[in-house]
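All chains, full assembly: derive it from the sequences and hints.
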Amino acid sequence: MIAYIGFFLILLAFLNALILISSKPLLSRFTPDYDSVILSSSKLLFPLILASFISLIISFLIDDFSLKYVSSNSNSLLPYYYKISATWAGHEGSMLLWCLVLSFWTFMASIYSKDLDIDFRLKFLSIMGLLNIGFLAFLIFTSNPFEKNLSIPIDGRDLNPLLQDFGLIVHPPMLYMGYVGLSVVFSFAVTCLLKHDFKPEWAKWIRPWALMSWSFLTLGIALGSWWAYYELGWGGWWFWDPVENASFMPWLITTALIHSLITCEQKSMFKNWTILLSIIAFSLSLLGTFLVRSGILTSVHSFANDPARGAFILLFLAIITGSALILYLKNSSKMNDKTSFNFFSKESFFLINNILLVTATFTILLGTMYPLVLDILGLEKISVGVPYYNSVFLPLMIPLVFLAGYIPILFLSNKVKSQGQSKYFIISFIIIVLVSLISHTLFEVYNLSIFIGFFLFAWITLNLIYDFITKLISTGSIRFFFKNIGMFMAHLGLALFIIGATVVENNKIEKEVIMNLNEKLDVGGYSFEFVDINENIGPNYSSVVGHFKVYTNNKFITDMYPEKRLYNSSEMPMTEAGIDPGFKRDLYITLGTMIDQDKWSVRIYHKPLIRFIWIGALMMAFGAILSVLIKRRTIKVVR
Amino acid sequence: MKKRTLRIYYVSFILLTLSLLFFMFIKTFNDNLLFYRSPSQITNSEFPDNYVFRVGGVVLDGSLTKSKDTMNVKFSITDYEQSLDITYTGILPDLFREGQGVVIRGKLGNDGIFYAEEVLAKHDETYMPPEVLDSLKNNKEVLNKTTKSMKIYK
Chain A
1 MIAYIGFFLI LLAFLNALIL ISSKPLLSRF TPDYDSVILS SSKLLFPLIL
51 ASFISLIISF LIDDFSLKYV SSNSNSLLPY YYKISATWAG HEGSMLLWCL
101 VLSFWTFMAS IYSKDLDIDF RLKFLSIMGL LNIGFLAFLI FTSNPFEKNL
151 SIPIDGRDLN PLLQDFGLIV HPPMLYMGYV GLSVVFSFAV TCLLKHDFKP
201 EWAKWIRPWA LMSWSFLTLG IALGSWWAYY ELGWGGWWFW DPVENASFMP
251 WLITTALIHS LITCEQKSMF KNWTILLSII AFSLSLLGTF LVRSGILTSV
301 HSFANDPARG AFILLFLAII TGSALILYLK NSSKMNDKTS FNFFSKESFF
351 LINNILLVTA TFTILLGTMY PLVLDILGLE KISVGVPYYN SVFLPLMIPL
401 VFLAGYIPIL FLSNKVKSQG QSKYFIISFI IIVLVSLISH TLFEVYNLSI
451 FIGFFLFAWI TLNLIYDFIT KLISTGSIRF FFKNIGMFMA HLGLALFIIG
501 ATVVENNKIE KEVIMNLNEK LDVGGYSFEF VDINENIGPN YSSVVGHFKV
551 YTNNKFITDM YPEKRLYNSS EMPMTEAGID PGFKRDLYIT LGTMIDQDKW
601 SVRIYHKPLI RFIWIGALMM AFGAILSVLI KRRTIKVVR
Chain B
1 MKKRTLRIYY VSFILLTLSL LFFMFIKTFN DNLLFYRSPS QITNSEFPDN
51 YVFRVGGVVL DGSLTKSKDT MNVKFSITDY EQSLDITYTG ILPDLFREGQ
101 GVVIRGKLGN DGIFYAEEVL AKHDETYMPP EVLDSLKNNK EVLNKTTKSM
151 KIYK
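Chains A and B, in that order, are what the protein sequence lines are.
For the first sequence, my numbering assigns the number 1 to the initial residue and increments by one for each residue that follows.
For the second sequence, my numbering assigns the number 1 to the initial residue and increments by one for each residue that follows.
Straight-line C-alpha distance at most 27 Å; calculated BS3-like pairs for lysine-lysine:
#1 B:Lys27 / A:Lys381
#2 A:Lys511 / B:Lys66
#3 B:Lys66 / A:Lys520
#4 A:Lys195 / A:Lys43
#5 A:Lys549 / B:Lys68
#6 A:Lys199 / A:Lys483
Quick caveat, the hints were computed from the structure, so don't treat them as lab data.
So this is what it looks like as structure tokens:
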């Protein structure tokens, strides 16, 4: 019953979206009041889809196995919180979540767009409506989560054990908030193209939306990386897997976008470029959806595959991106864009930032798409190895990060003469090289990449802090503090991320060994004793749990319990790592296989500073959110 | 005139650097491509010695042997036309089992044994890696047999 209501609500939402886009051409002949229809229907989408989403959650909670989606992703023994999160664990439900998030952004756009002029606002919302229609149609015609089973199974097939985890509960909603938030930016850019203009105040209006999407993307990607770290049992945090790349590409472009928007807003420059970036950003997030949902990639995200779905998204992608780009080619020249600027200015540094980010995105795109294209053409099955990404992507990032430590200074010190700047630049450069050289006392293993990593870390942090404090003292205003704290935090987060990633990749210790019971092993200054191994029964699995005692300098520190589970319904084995997290290092143990009685193969890892990776990402995301919240309070958008 | 020659030097310098970078980029890209072969596609002469590539297939029933005191395992994979012996030292992924599709990265030895560096069996017990599924497609009958035993669902 509840499932029928849910599906009916989706149909209503679809109808509502149709009204939203057709009211202008249809109603404008009869009544001048069509705009209120657009405004209210753009707000109505969200509650409709939310109600439908809730009815799917209820279907999961009451174990309604007459629904195909419920019976293939849940099980009566599943704990209730995983029943809720199973709602978006499979393809159909996650597409419903996608539609929910899209309608949410439409709702927000409708509420907060009062400051835009009415014609612009209506066009903008209609384009959002168009996107809603596309995805609702996708949901209804190819991926209906409320589809019935022909015969009702007694129990469900259970949720993939890898997905029975906190990471899954939060990772997809965050990532979708980011992906779909870009639809707002996209619709806005297209509206600008339709209006042949991109005013600085419009740039000011759209930038918080780009920032919000960016910080959700950052959170989503970081959560995904964290999940992979503790759940896949290899202790890695990034694999350059095509699915990861799919989320990373829009992130890079959005990073470029939030920087170029500053120039648009302040100097009324790079308008065409910014609009192009907005279109590309959303197109890449659609491409990511296509790659992940069509099942042409091997990953945890590819569920049951249906070629029709891939074809639909590809077609949708072609239509959306194609028409936006055609519009861009036609109308971009009509925009009043300033193109000449001084090389030693903020703008040109932003330009370099953008060029580097776009180039990096292109190299990742090539590595992700080339194998697929060759495969589809039936030429060759290849994959691109991880060393490619490391040796191409990282060199591109070094100058970019170098700029990140320099731009904010340029940005804040408009009044400082260039001569004073170059002096400051040289002095700080020398100091930081010295500091970085001293850093070798901190690390046992020391090489060029640690030096570079530490240099960039010190470069950003010291420059930022020095500049922030001197400016704070010289202006002495609390307003300065609030205006820049978000940017400050985000860049500091980047620095933390860099030091974390550099140190963990260069100084980690990974051992794969066979251990007998009561044997001791030394890894990275810690001594691990294999004390015991026991059987254990969980709510929907049985497991063996190893017990390790960890000592350093003969002093006991902690117990660790790596686990090997076997899930009842799917008979799927799963490794649960034993992790001892710490600010300075993580200790990480996983059980391999039983070699003989009381003899196991185990992985024991020592991962220094790995937490800095996620702490850094969190700081970036919160920095962005903070700056949006503060800007909303201090600056009132003018028409 | 002098300014012009300077500019020519300048521009040609940039072009040279860019083309050098581009060349290095293409080379890195090419060096890191991993080819995929199914057991029946493997020939001894195709790749040079110690060339890393990927193979894939279904782990042959009854072929898995484990060493008693090292982490070495030996098994065979098959596409139901040819099979290939694999040797690997390390911890196998959770989902590795006989009858499961796997993709393996490594080198082909002169003895005809494939020395694995990495074994991938991914994420879901009913899931067949697309590459493996493709190499089984040549043999429809076998494909039906294997997929029937695996719960493939729409």
